[in-house]
Amino acid sequence: MKSLWLSSTHRFLYSGASLFMIISSASDYREAARRKLPRFLFDYIDGGAYAEHTLKANSSDLADISLRQRVLRNVESLSLETTLFDQPLAMPVVMSPVGLTGMFARRGEVQVANAATNKGVPFCLSTVSVCPIEEVASQTAQSIWFQLYVLKDRGFMKNALERAQAAGVKTLVFTVDMPTPGARYRDAHSGMSGPYAAQRRMLQAVTKPAWAFDVGLMGRPHDLGNISKYLGKPTHLEDYIGWLATNFDPSISWKDLEWIREFWKGPMIIKGILDPQDAKDAVSFGADGIVVSNHGGRQLDGVLSTAKALPEIAQAVGCDLTVLVDSGVRSGLDVVRMLALGARGVLLGRAPAYALAADGQRGVENLLDIFAKEMRVAMTLTGVTSIAQIDESILVRGQI
1 MKSLWLSSTH
11 RFLYSGASLF
21 MIISSASDYR
31 EAARRKLPRF
41 LFDYIDGGAY
51 AEHTLKANSS
61 DLADISLRQR
71 VLRNVESLSL
81 ETTLFDQPLA
91 MPVVMSPVGL
101 TGMFARRGEV
111 QVANAATNKG
121 VPFCLSTVSV
131 CPIEEVASQT
141 AQSIWFQLYV
151 LKDRGFMKNA
161 LERAQAAGVK
171 TLVFTVDMPT
181 PGARYRDAHS
191 GMSGPYAAQR
201 RMLQAVTKPA
211 WAFDVGLMGR
221 PHDLGNISKY
231 LGKPTHLEDY
241 IGWLATNFDP
251 SISWKDLEWI
261 REFWKGPMII
271 KGILDPQDAK
281 DAVSFGADGI
291 VVSNHGGRQL
301 DGVLSTAKAL
311 PEIAQAVGCD
321 LTVLVDSGVR
331 SGLDVVRMLA
341 LGARGVLLGR
351 APAYALAADG
361 QRGVENLLDI
371 FAKEMRVAMT
381 LTGVTSIAQI
391 DESILVRGQI
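The letter at position 124 of the sequence shown is residue 124 when you use the UniProt record's numbering, and the numbering goes up by one with no holes.
Hints may be right or wrong, so weigh each one.
The calculated lysine to aspartate or glutamate pairs, modelled on EDC-like cross-linking and capped at a C-alpha distance of 16 Å, are [as the list claims (entries may be wrong)]:
{"#": "1", "residue 1": "K170", "residue 2": "D86"}
{"#": "2", "residue 1": "K280", "residue 2": "E238"}
{"#": "3", "residue 1": "K56", "residue 2": "D43"}
{"#": "4", "residue 1": "K255", "residue 2": "D278"}
{"#": "5", "residue 1": "K229", "residue 2": "D153"}
{"#": "6", "residue 1": "K56", "residue 2": "D46"}
{"#": "7", "residue 1": "K170", "residue 2": "D278"}
{"#": "8", "residue 1": "K158", "residue 2": "D256"}
{"#": "9", "residue 1": "K308", "residue 2": "D28"}
Simulated restraints on C-beta separations [said to hold, decoys possible]:
{"#": "10", "residue 1": "A212", "residue 2": "L67", "range": "38 to 48 Å"}
{"#": "11", "residue 1": "G302", "residue 2": "S27", "range": "19 to 29 Å"}
{"#": "12", "residue 1": "V71", "residue 2": "K152", "range": "56 to 66 Å"}
Please keep in mind that the hints were generated in silico from the structure rather than gathered at the bench.
Don't be surprised by glycine CBs; every beta carbon is placed ideally from N, CA and C.
Turn these sequences into a full structure, and let the hints guide you.
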């Protein structure tokens, strides 16, 4: 894929369909990804659970948050820098764990990790990544974060934690909102799952030659790297849905996590909190942080958007732990909104996935430049010069 720079954030991008696109936002990258990826992969990134009401609400509720525009505030010296878990960040965002990232572009997890490193923000590797922990950690200059699911196979969990520590991982993100996979209708229709899934995926790949060469041919092996390392045999895409369904553990409770808290010596973040009482339980458990998350609307449709859930949760835990948030964030403006609602940092999932699929590492780096520019505009026009100054005071009264 070839691209030509227009400016520090705008570019022409060849879409793979004999057309050039001007890229200036995350939504542009979404369209470029739609054109390049086989349908089963685009719908996997783009879709949610059931009728996708929560998926839509994540973005629409956040967009409804109104900011107070201020003028003549002397915002010449403006900084996006912050710190999370003693790690300096160039801006308050983290590359969220996204399963199968290595199917969106050649060895995709490595590309996103390197983009994050170059832009001074953390990258979190998914349990169900294509590239294993060791590959990503060895090809990335900074320490990565690692995300682990609650699984029936405690041997796998222990093995993954040991390998993560050996690879230099310091921060663990423990995802707790997936005791069972959500009902994702798009996956059944697209070929990610359902009847004749493998044949349907093959037919779709033939119609996307740029992806077929970059990932299908040159991006092998196409397996779940962390799981394959543990089992000692390849686990291919056709095993993905079945493996998830049989290994997630609906019996888990807080007491079942105590051994992980004792084992893991670095920062431990609980991801998937939507209720203030669960947030308080995370404090009692000894978590260092939480992620207010509904899994991007991919689990239970009809739950609160994170923009609506965040303020009460942030108020409930105060300074007892670090509150992060994800879901629905499509711009730097949205990042500022989430910070004003009570978050200390924001995890980005879909937006970097679109950018990666469209233009690899360069796309992710450019997306982060776009977000930084959008944050600077929002901060300038709300009269704040540092991340610490972003709070409910920049919101129109009555929005918290």
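- Go through the numbered hints given earlier and state which of them the structure violates, listing their numbers in rising order. 2, 7, 9
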